[in-house]
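Participant: Read off the chains here:
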Amino acid sequence: METAIKTNTLKDKLLSQFESSKNSLFGNLQLRERAIESFATLGIHNRKCEEYKYVNIDLMLKGEFAFIYEKLISGKQIEHTKFLKDAINIAIVNGVFNEGLSNIKSLPKGLQIINIAEATSNETFQKHYSKYADVNSDSFIALNTTLANGGVFICIAKGSIIETPIHIINISSTKENIIINSRNLIVVEANSQVRFIESFETIDSSAKTFTNSLTEMVIEDNAVVDYYKIQDEKEVGYLVNTTQVNQAKQSVFNTNTITLSGSLVRNNLNIVLDGEHIETHLNGLYLTNGNQVVDNHTLVDHRKPNCNSNELYKGIIEDKSSATFNGKIYVRKDAQKTNAFQSNKNILLSDDGTINTKPQLEIYADDVKCSHGTSTGKLDADKIFYLRARGLSETSAKKLLMHAFASEVVDTIKIEALREYVEEKISKRFE
Amino acid sequence: MANEILAEQISKEYEYGFVTDIESDNLPKGLNEGVIRLISNKKNEPEWMLEYRLKAYGHWLTMEEPHWAHVSYPKPDFQNIIYYSVPKQKKQLNSLDEVDPELLKTYEKLGISMEEQKRLSGVESRIAVDFVMDSVSVKTTFKETLAEKGIIFCSFGEAVQEHPELVKKYMSSVVPYTDNFYAALNSAVFTDGSFCYIPKGVRCPMELSTYFRINSAGTGQFERTLIVADEDSYVSYLEGCTAPMRDENQLHAAVVEIVAHKNAEVKYSTVQNWYPGDREGKGGIFNFVTKRGICLEDNSKISWTQVETGSAVTWKYPSVILKGDNSVGEFYSVAVTNNYQQADTGTKMMHLGKNTRSTIISKGISAGFSNNSYRGLVRISKGATNARNFSQCDSLLMGDKCGAHTYPYIEIKDKSGIVEHEATTSKIGEDQLFYCKSRGIDNEKAIGLIVNGYCKEVLNKLPMEFAVEAQKLLAVSLEGSVG
Chain L
2 METAIKTNTL KDKLLSQFES SKNSLFGNLQ LRERAIESFA TLGIHNRKCE
52 EYKYVNIDLM LKGEFAFIYE KLISGKQIEH TKFLKDAINI AIVNGVFNEG
102 LSNIKSLPKG LQIINIAEAT SNETFQKHYS KYADVNSDSF IALNTTLANG
152 GVFICIAKGS IIETPIHIIN ISSTKENIII NSRNLIVVEA NSQVRFIESF
202 ETIDSSAKTF TNSLTEMVIE DNAVVDYYKI QDEKEVGYLV NTTQVNQAKQ
252 SVFNTNTITL SGSLVRNNLN IVLDGEHIET HLNGLYLTNG NQVVDNHTLV
302 DHRKPNCNSN ELYKGIIEDK SSATFNGKIY VRKDAQKTNA FQSNKNILLS
352 DDGTINTKPQ LEIYADDVKC SHGTSTGKLD ADKIFYLRAR GLSETSAKKL
402 LMHAFASEVV DTIKIEALRE YVEEKISKRF E
Chain C
37 MANEILAEQI SKEYEYGFVT DIESDNLPKG LNEGVIRLIS NKKNEPEWML
87 EYRLKAYGHW LTMEEPHWAH VSYPKPDFQN IIYYSVPKQK KQLNSLDEVD
137 PELLKTYEKL GISMEEQKRL SGVESRIAVD FVMDSVSVKT TFKETLAEKG
187 IIFCSFGEAV QEHPELVKKY MSSVVPYTDN FYAALNSAVF TDGSFCYIPK
237 GVRCPMELST YFRINSAGTG QFERTLIVAD EDSYVSYLEG CTAPMRDENQ
287 LHAAVVEIVA HKNAEVKYST VQNWYPGDRE GKGGIFNFVT KRGICLEDNS
337 KISWTQVETG SAVTWKYPSV ILKGDNSVGE FYSVAVTNNY QQADTGTKMM
387 HLGKNTRSTI ISKGISAGFS NNSYRGLVRI SKGATNARNF SQCDSLLMGD
437 KCGAHTYPYI EIKDKSGIVE HEATTSKIGE DQLFYCKSRG IDNEKAIGLI
487 VNGYCKEVLN KLPMEFAVEA QKLLAVSLEG SVG
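Chains L and C are the protein sequences, given in the same order.
Per the working numbering: the first sequence = residues 2 to 432.
Per the working numbering: the second sequence = residues 37 to 519.
Errors might be hidden in some of the hints.
As the list claims (entries may be wrong) - To be clear about the criterion: a stretch of chain L counts as covered by chain C if any three or more of its residues have a C-beta under 8 Å from a C-beta of chain C, and this derived list gives those stretches:
(1) 345-354
(2) 357-364
(3) 367-377
What the hints assert, rightly or not - Within a straight-line C-alpha distance of at most 20 Å, the following computed SDA-like cross-link-like pairs (lysine to any residue) qualify:
(4) L:Lys321 with C:Ser452
(5) L:Lys54 with C:Lys463
(6) L:Lys379 with C:Phe426
(7) C:Lys418 with L:Pro306
(8) L:Lys334 with C:Lys463
(9) C:Lys463 with L:Asn309
(10) L:Lys63 with L:Pro306
(11) C:Lys384 with L:Gly374
(12) C:Lys437 with L:Pro306
(13) L:Lys321 with C:Gln468
(14) L:Lys338 with C:Lys418
(15) L:Lys370 with C:Lys463
I should point out that these hints are in silico values taken from the structure, not numbers from a laboratory.
Virtual Cβ for every residue (Gly too), placed ideally from N, Cα, C.
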């Protein structure tokens, strides 16, 4: 199983990895074969692909990679990753669900958490698995569908209100370079309510981890979902994180993506508004430094009338890091009375940093209100002056302004303990 | 029908023995090295020009047609195009009664004079010739005034003959033949165009217009324009006209280059109203243009203003490279699409120098089944300190079958840069329409009024005589699109 691969033929190695391991993977083999066909045609996206113009993933994946690295982790080691006192913790170590490290013994009524590899006979699983993330649209979706070997299946039954937040902890820990393909399916049935936190962390790692993680989420009628993502993988982490959300009528989805570290973070957040009177809020914050590359892609697909979507992404860029925001609002012909707003704001603190932003509107219905705005600049000299005139040092004035800038996104976090955790992380960062 | 008449005309002339003339001035369809050599030969070009064409052609062969724009159209067959021809003999009509009444209606609405109407529709070629003669004389008088100031304004072919040193120095310095597929094609096969040079310290006393060029009708397809403004000079240049142009050439691939030296200012205005195809989207011009200016030295300024209402497919990004410190780039655009028209247009502002500023105002209006996209790039390079950009792109949708899209690209590599972008998409407000109607203004007029108000920021930038016509043109282009 420990097939070491070279990146110059990374694609070929991935293809042959599938051949050698296909009989041990869970689920429908035909589906995986369809996916690999698509991956074989798409290849790993490089700069020539418009959607991956600003992030050279091919180049970043230089070196040898293994597919599986088994490492024993004690509960004590991951204690700090369980930063919420009151939460249902799900530990996924190197892409595979680890029941021993999770605490899912006594779950509230209506909540079901199963290792995805053991969920294949579940009816709900079969109904939804791989129905939303299109393997032909993106090579990382195709790759994940082909090689996924772990993750969780979570189902919230009709009408259940899950008070305790569910925390999915993705931990990578390795001594040699690995590729992880983890996959989750979350089904939130009608009239239910739930809150998720998904965090990405590395523990005791000395080698590169390339995580290609994919979450499909189905939100049925009237359901309300909050979904927070905290990405903090340090410089060993290379992450492509795809989230495919399908919303049914009158549902509400709030999401927050906080990127704190990681050599490469690419977020693909695709939300389909497939019903009337849907509400969607997307928020994001990225603080980049070093040689970090962060790329946030969002797609909000308005398919039906009378929906609202609101997007706010903010970033602070330091050192030689580069950040990209690419947001697309797609309003289809039938989606009249759509309200869609998008805003992206950046602060560039260094001359070696780069910001690329591309807020897009693609609109085919006339009775809509859509707008987007983006601005990039430095810290306002007037504001610094104001604070300095009141006795603050220059550094603390700048710190205060950066805090204020970030807080617009952080304040949208509704779980207080999580908000405090993020605030603390940000404060440390600005030290 | 037109072809039959044309064929008839040609065969008629055959009888009268004009055979040599026609045969020698019309190359067969298709493109190869021989054709390029012939074009160059016919234009009596120096060796370096031919070499340039051949290099461009060699490069073009290695290129693939681009497909990234949000437009779809049948791929032009590049071997089915005549790359060099004399102006086509237009069908001779005896009176305006024979002219397509729809065309006449449009002329009337635009307020074009009878004389001009006749010329534009090809009635009585004698008058037409007179008119052209008129414009020749007008042009000659103009030319004298211009020559006094040392301004060179002539056809590209003339410039190659008479001012080879200038052409050699500036041509291809802004848009190299390697730039893109259609720029390479144009560099290989361009037949004519205009050349303009404003010497040091001269303020051009009049709006230079291609309107007065004698054979403008025939050189449209692969046109090449080069404008050079030397230190401390100013020129305002107009291209196109508001009258609808029925052109037989389906593919237009022009190149426009502007060079602005120290403290120079160039203002370039375009009104484009080529044949957009019929109501079902059949026919119409493909307009794939490469326009770019460079603010080469400090304190220079280039401003693009465009009103795009015609063509079936428009694909055009007038750009400014802000190389000199304190240079300024501006882009003001109104793009209207109706029926099955498609437009993918916008600009690029490349900030290289310090304290450079750019402004982008784009107003898109889509109606019918059309698609209208704004695609723009603002790039602030490393070292371009205190660069500033403001962009605003608004889209107006009329009807539920059309699309309006915005694709801004913003790339910033300098911390002192400040970039702002705003875009909105909406439809004409019911209350605005109601307000107008309740005051006795009919639907069509009300729409014209609202649209003109919406585009005012851009229309204000047009030279006076253009602005009035452009306003009417907007109303005409959108006729019947609402209500």
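Participant: State for each hint whether it applies.
Facilitator: Taking the hints in turn, this is what the structure says about them:
no., hint, verdict
1, 345-354, "holds (count 7)"
2, 357-364, "holds (count 8)"
3, 367-377, "holds (count 11)"
4, L:Lys321 with C:Ser452, "holds, 15 Å"
5, L:Lys54 with C:Lys463, "violated, 33 Å"
6, L:Lys379 with C:Phe426, "holds, 15 Å"
7, C:Lys418 with L:Pro306, "violated, 44 Å"
8, L:Lys334 with C:Lys463, "holds, 14 Å"
9, C:Lys463 with L:Asn309, "holds, 17 Å"
10, L:Lys63 with L:Pro306, "violated, 46 Å"
11, C:Lys384 with L:Gly374, "holds, 18 Å"
12, C:Lys437 with L:Pro306, "holds, 15 Å"
13, L:Lys321 with C:Gln468, "violated, 50 Å"
14, L:Lys338 with C:Lys418, "violated, 43 Å"
15, L:Lys370 with C:Lys463, "holds, 8 Å"
Comparing the model with each numbered hint stated earlier shows that hints 5, 7, 10, 13 and 14 do not hold.
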